[in-house]
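Chain by chain, the residues run as shown.
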Amino acid sequence: MSTFTVAGLAAGYQGHPVVDGIDLTVEPGEAVALAGRNGMGKTTTLRAVMGLAEPAVSAGSVRFGDVELHGKAPHHIARAGIGYVPQGRRIFRSLTVAEHLAVVARPARAGYEPWTMDRVNELFPRLAERAGQFAGTLSGGEQQMLAIARALMTNPLLVLLDEPSEGLAPQIVRQVGDIIAALHASGVGVLIAEQDLSMVRRVADRVYFLDRGTVAAQVTAAELDAHADLLERHLGVGAGHA
Amino acid sequence: MSGGELLLTTFNGLSFAGLLFLVASGFTLIFSLMGVLNLAHGSFYLWGGYLGLVTLGATGSWVLALLAGALGVALGGGVLERLVFRRVRGIELSEVLLSVGISLVLADLALAQFGGDSLTIAPPAALAGSVELGGLVVPRFRLAVIVAAVLVMIGLAVLLRRTRVGAIIRAGVDDEEMLDALGVNVRRVAAAVFVLGALLAGASGVVGGVFFGVYPGADAEMLLFALVVVVVGGLGSLQGAVVGSVVVGLVYSFGVALAPDLLYFVLFGPMLLVLVLRPRGILGGRL
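From first to last, the protein sequence lines stand for chains G and B. So the working numbering is basically just the index in the first sequence, starting at one, shifted up by 8. So the working numbering is basically just the index in the second sequence, starting at one, shifted up by 201.
Looking at chain B on its own, in the form it has when it is part of the complex:
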């Protein structure tokens, strides 16, 4: 691999890491406060992509498409939290099974509505084409995804570390019952976090539609990636989602470039190693 290829593969890995972080941060946020391993998160991603695609087709506006994907899924996630997840709160097996059931229903609904073809979302005109970056020619959109992921990471870090709402979320992660007994309606906070996680999944669905297209099965693939990210980084940890995304993004990118036949081994090997050496993930347990 030449120096240029090495740099380009690294760049591709980092841009994929950006997308992974957008998906996994919501996934890990929901888990950290609610203890729900929301296996419908991949479906949220898929539906974000389809909503973005439809809106882009109808309006031609990428901003509206992104908003539709993010807000549409946030709204749907809010309804699901209120009507379904809240009823089984704290019953882990029911929560996980319900999320699996919901993901199956959402996947079938998407298939019935949009068919089985892979549909591509065109990048916004301003981010189409390539740009030269230190002698490396890279797609503008991928560069924008890295920037967006960093901005979202900073935004989430500020929310969690510097605001009262963030302190409430961290307190809820530490001891939910105690927070409730001190007058904070934890259920409402948890619902807000669920909606935020769904919003991030929806937005990343639109972004991912540019990367890989929108197609049946993208939900399960992205859920699997998110799971690997949070297992490697540490479930329930925002920093862990950052570390996990970068590790998985780079491993995937180099795996595709160097050993495409061994891709799954290359991807799951590190996860296995992390689980053996650090069962809670690299940064597990710290929000």
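So here's chain G without its partners, still in its complex pose:
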């Protein structure tokens, strides 16, 4: 895998800038969190990286190794090895669980153990049990797992996850966290936008704190406890809970 680098990224909606000058890197196999409160630019950053129609990117570069991704169509970016788990899960409601995995399946890259239907089913036994079920009938937690499983079937080198804990019960959040930690342990890089501190602690090696569209601070996971001020300012976590 190559180093993933975002440099000077500026993007916004209908002429209103949301992020301005975002710099971040994800080293091969590293798990990095983009932490921050609502509206600080986490989702905008990930959407801009994926090359989606909105936000409009006004400056900056997104590189994966030597390959410039900025300006490319989303399917080219996905095929470059970026898996995407969007905010709100966005599962295909009229597809079954098995169809979800089949429609996006791409061949593995040389030197990496491929994510196949069997391997994904092993990591997500709940989904394996519901292979023939329409995705729209799954619970929120199952839909989140499906969104992750679907991204893995593209055989990515780096997975972008946008608030995977959103709207889930704490117990399910822990399960989703375990799964993300497991895929990180398997060698897949992770860039996770998140405001749930337990999830950040569970999966991230390093944390960028976003504040009003810029990177306000950057710490390693080991340093998190020493920065109660950052946790309070950017995640609203009181010192007693940190």
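Hints were generated in silico from the structure; no laboratory data involved. Among the clues, some could well be false.
When the alpha-carbon atoms are kept at most 20 Å apart in a straight line, the in silico EDC-like pairs for lysine to aspartate or glutamate are as follows [stated by the list, open to error]:
{"no.": "1", "chain 1": "G", "residue 1": "K80", "chain 2": "B", "residue 2": "E377"}
{"no.": "2", "chain 1": "G", "residue 1": "K80", "chain 2": "G", "residue 2": "E62"}
{"no.": "3", "chain 1": "G", "residue 1": "K80", "chain 2": "B", "residue 2": "E378"}
Simulated coverage check for chain B against chain G, where a stretch passes if three residues somewhere in it have a Cβ under 8 Å from a Cβ of chain G [what the hints assert, rightly or not]:
{"no.": "4", "stretch": "362-371"}
{"no.": "5", "stretch": "379-385"}
According to the in silico footprint, chain B covers these stretches of chain G (three or more CB under 8 Å from chain B) [stated by the list, open to error]:
{"no.": "6", "stretch": "79-87"}
{"no.": "7", "stretch": "103-110"}
{"no.": "8", "stretch": "157-163"}
Just so you know, these numbers come straight off a predicted model, no measurement behind them. Ideal placement from N, C-alpha and C gives every residue a C-beta, glycine not left out.
Using the hints provided, position chain B relative to the given structure of chain G.
Just chain B, lined up with the frame of chain G:
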């Protein structure tokens, strides 16, 4: 109306429904994935008829005529998608206006090339004449159209429900952007669907040429029928196209038989009712 007339009118309605389904299924497929209300679909139908007519005259082969109508229009549709529709993708007003413009150009080209007379396509020899069906004498060709429509319906259902391509199309209908972000080139899928829709319109033009002849204005008439079918059944829904075709086919057939003076009311009345009671159509929104 006697029992025999009732049965015959029902049969005629169903055979017309078969033709309507061939036209409307392509129309609704294109709309479901691309969001394009392709108002040039009637012109695709008309040109399918003319291409079939010319090929039949030149070769005498009905199979070649059907292939020429279907493949010729599919090719033309593919070129139009690549050169015109793709440029305005997602800009709904431009898409609709462009499709209107294209339909006008295609209609005028057809008029210049083939003149204003109504030209009839003879049915294939094997399907000429009548056949007895449970005591009812019915035209063989009309019976074949019902069978063909059912086969196309099954084929489309299998394509959409049982194949990976079909699952990709359904996923694209659900969330096109997300599908793109997962590495699927949705534009290519959409182009293929557009070509498939054009192919069906072209083929139905040849079939419709046997029913009604090929003439200037057939494009607008058939487009109107297709619109009524998909509005009644539900825009973007294949099952809706089936239901809509049967409803409109039967209503038209009985309208012609019972109240020809009120035909347009009989045809648009149910559409109005459906729009009031179920604005998305009887089965709207489900591919």
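Hints versus structure:
no.: 1; hint: K80/G <-> E377/B; result: holds (17 Å)
no.: 2; hint: K80/G <-> E62/G; result: holds (13 Å)
no.: 3; hint: K80/G <-> E378/B; result: holds (14 Å)
no.: 4; hint: 362-371; result: holds (count 4)
no.: 5; hint: 379-385; result: holds (count 7)
no.: 6; hint: 79-87; result: holds (count 6)
no.: 7; hint: 103-110; result: holds (count 4)
no.: 8; hint: 157-163; result: holds (count 3)
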